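Based on the provided sequences and hints, a complete structural model is requested.
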Amino acid sequence: MFSRHKSGASSSPSGSTDPVAKAAEIEGSGTPSGGGPTGKGRPTPKRNVAQAANKRPLVPNDRKAATKAAREKAREQRNIEYRAMQTGDERHLPPRDKGPEKRFVRDYVDARWNLGEFFLPVAFGFIVLNFLFLSNATMSIVILMLLYGVVLLTIADAFLLWHGLKKRMRAKFGVVGTDGKKSYVPQKGTMMYAVMRAFQIRRSRLPRPSSKKHGVWPE
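Position 76, counted from 1, in the sequence shown is what the UniProt record's numbering calls 76; the numbers after and before it change by one each time, with no gaps.
Simulated from the structure, these hints should not be mistaken for laboratory data.
These numbers were taken from a predicted model, which means no experiment stands behind them.
Any given hint could turn out to be false.
Said to hold, decoys possible - Each pair of labels, with its calculated beta carbon distance range:
1) Asn136 / Gln77: 46 to 56 Å
2) Ser210 / Gly189: 19 to 29 Å
3) Ala137 / Glu219: 49 to 59 Å
4) Asp62 / Lys188: 34 to 44 Å
5) Met145 / Trp113: 30 to 40 Å
6) Ser211 / Ser183: 24 to 34 Å
7) Ser211 / Ala70: 33 to 43 Å
8) Gly215 / Ile127: 26 to 36 Å
9) Tyr148 / Ile201: 47 to 57 Å
10) Gln77 / Lys188: 21 to 31 Å
11) Gly99 / Gly215: 23 to 33 Å
12) Phe133 / Gln77: 46 to 56 Å
Heads up, the beta-carbon is just placed ideally off N, CA and C, and yes, glycines get one too.
This is the structure in structure tokens:
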């Protein structure tokens, strides 16, 4: 009885073996039924693992070369911005000079005769006079008082500049409120931007004035 059962089990045809189990056995062993090697002999890495292996480190190994490259890039960017300030190219101006409001401020200041643009030459002249009359105490005091007077006049002129500029900017960039009046809040630093430009000699201003003459007011 036992021998007949054994012989029946052993005499079952090979084709009756479950093909799914056989395939799983072959895949798990990494070799086909003939015993030879198959594929690359190792499991295929997952997609995220392969992508992580292909990524380059953010910090290069050669820090000296990276620092040099960063300096070269910064120098190139400064050269581009300087050329833009010379030519008036809005696309490559520094961030502090970009935008229609900053352009309006520059055009308004450049169109106006400002006492500040004469301050440096006048102050230098007073310093020379002070050295010439250094031995004369009375003249030194007079020259010093005159210099203080010029400073006060330029400060008053800068105040008038900002008052007129803000009024013009409110008319151009202001938003009409519920009361029917335009309100405008200038960007932070706009006043100093205008005043510092007004205190520069006109031909040395950057970005360059869009007009070569005074009196050409922005629209």
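- Non-conforming hints, listed in increasing numerical order: Hints 5, 9 are the ones this structure does not satisfy, whereas the remaining hints hold.
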